[in-house]
Amino acid sequence: MPKSLFQKVWDAHTVRTLANGQTQLLIGTHLIHEVTSPQAFGMLRDLGLKVAYPHRTFATVDHIIPTNELVEPYADSLAQAMMDEIRKNCAEFGITFFDRASGKQGVVHIVGPEQGLTQPGTTIACGDSHTSTHGAFGAIAFGIGTSQVRDVLATQTMALGVLKVRRIEVNGKLRPGVYAKDVILHIIRLTGVNGGTGFAYEYAGSTFDAFTMEERMTVCNMSIEGGARVGYVNPDETTFAYLKGRPYSPKGAEWDAAVTRWKSYASDPGATYADVMKIDAADIAPSVTWGINPGQGISITENVPSPENATSADEKAGIIEALEYMKLPAGKPIKGTKINVAFLGSCTNGRLSDFREVAKYVKGRKVAAGVKAIAVPGSQIVALQCEKEGIDKVLSEAGFEWRAAGCSMCLAMNPDKLIGDQLCASSSNRNFKGRQGSITGRTILMSPVMVAAAAVTGAIADAREVFSVN
Amino acid sequence: MALAKITSLTGRAVYVPGNDIDTDRIIPARFMKCVTFDGLGEFVFFDVRHDPQGNKIEHPIDKPAHKGATILLSGANFGCGSSREHAPQAISKAGFKAIIAENFAEIFFGNSTTLGMPCVTAAREDIAKIAAAVEADPQTEITIDLVKLEARFAGQTVKIAQRESARDALVNGRWDAIGELIDGKADVLKTAATLPYLAA
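In the order they appear, the protein sequences are chains X and W. Throughout the first sequence, residue numbering follows the working numbering, covering 1 to 470 in sequence. Throughout the second sequence, residue numbering follows the working numbering, covering 1 to 200 in sequence.
Chain X on its own, in the form it takes in the complex (with noise of 0.2 Å):
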């Protein structure tokens, strides 16, 4: 019978069926950052258990990490505190931790791939959300909470359900100015904030196979944004050109065998789905969100939504604390609305590529006065590469502050914050109320050229117009 990708990637990894019906499944790669591992570390010593497998569990950090301040003590003690004690654990179990001054440390979604430690066909965890990100490999990869991040470091498994999958399929060429952000932030508008509880995520069709492993990654590092906890394209060429040489790839006469068996876990032509849906590329535009639930998006050529037209009470009274937190006027464009903050970086969008487009449009032009613009490279690698190729120059230049790597304005659990009711234009994943860090602060995602394009004009704006994209 025909499989998909996350059933085979599923069934290789039970371990057993526990008692409730739930499956013990095995993580073959353990990611920890700094602010979910703690406690984890601490249940563990109380119960005096040991990590299992050290040497399939790696660490870095990235929330609270100051990303204008390289020398420790940091001037924050809680954020020092932290840093400490993932210093300590590491040291104590025997975990690979990617440091500041390994060169290796970033964001854990970014240093993951570009270790290569996130390969096709195998089970991933992380304290994280948006671990779903390395679902872009062909492996299935799961956020979770520090209760199971103690159940990874002690056992190498976690107890989990099933989850159905959903096929989302994105046929053809997307259009100038549209990028793999739009992607993703048109699919949560069709399915809603809460339309992919219960389900992983299967992304296919010809848009998905032409895009990099890097717009991939953009995309299924937002699933859990729709409620769908992972999400996965299948492995393929792009895949393994990504991860050959990479320094956890396998090496010699073993990729070969591992390009063969990551083939073996792509799902079967014929696979059933338990819901399928399909896009057209050409539908998609460059999106912005105007309400605080990245489900609440429109594209940039339309007006943000207006109560009276609501289709149920729900999305009337969401609409309403929506436009009154983001201090919209509802009906009117978004395009043109002033903001004070752009913010460039994030594990959605703080990889080379990203850095590169952007780039390429604010060569020779100024950030708009009165606008704080900072750029965050996602790790030290992406950093570096920037560097080398003088990205870092055309954007400072363009008066985007260029900093070090870290989550940044993204949560602002550290000292990027908005202040007041700030607007900012966001790469990032989530405009929840106060989630830049100010709790009347307010976000815009977009891609990071749509970024560009509202901090050089100081207000939200079609970056196709503003850079003469056709």
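Possibly wrong hints are sitting among the right ones.
What the hints assert, rightly or not - To give an idea of the interface, some chain X residues facing chain W are shown, with a C-beta separation under 8 Å as derived from the structure:
| # | residue |
| --- | --- |
| 1 | Arg56 |
| 2 | Thr157 |
| 3 | Ser468 |
What the hints assert, rightly or not - Computed footprint of chain W on chain X; a stretch qualifies when at least three of its residues, placed anywhere within it, have a C-beta under 8 Å from a C-beta of chain W:
| # | segment |
| --- | --- |
| 4 | 79–90 |
| 5 | 127–133 |
| 6 | 335–345 |
| 7 | 408–418 |
Since the hints were made in silico from the structure, they are not lab data. By construction, the Cβ of each residue, glycine as well, lies at the ideal position given by its N, Cα and C atoms.
Use these hints to put chain W onto chain X, whose structure you have.
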């Protein structure tokens, strides 16, 4: 590690209305700068319980009549967003023992179950009935019965639901899987041996 069998619980409730209440709302990220979960309770829903200057503003949780409430009532897609266990930990440490909502986000639901804090769903109109009873008399006791899958309050009974794997785990005292996972060690080794990338 014997765990309590959570077959039913009774307590007073507080209604926090709204859909898509995300984990940043439940516990803002700045309160996660900590290496233990201790003390998170006081920060639950902090940014909707305080104005931007940090002064208390009116919120159902802070109403004296709801002091000591152990059941949280809310809307659809409760707990969406981040995987932070800090969210259910904050709710739990604030004194809540169970949540009734229309439905829950996936990761939040699992995290809560593992803490032995049942998340049960009920129809919107039934949640409204409980909320109305609580509004009429904050001392109303609500019983969440995980065996009969019903909630009883003020002489009324409404249906509740819960994913069977979670319900089974709660009523049989195996909601924290760690013991069972450790017991599976021999099978773990067997499965790992079939996966080349897991070889040491």
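- May I ask which of the numbered hints given earlier this structure violates, with the numbers listed in increasing order? Those not satisfied are hints 3, 6.
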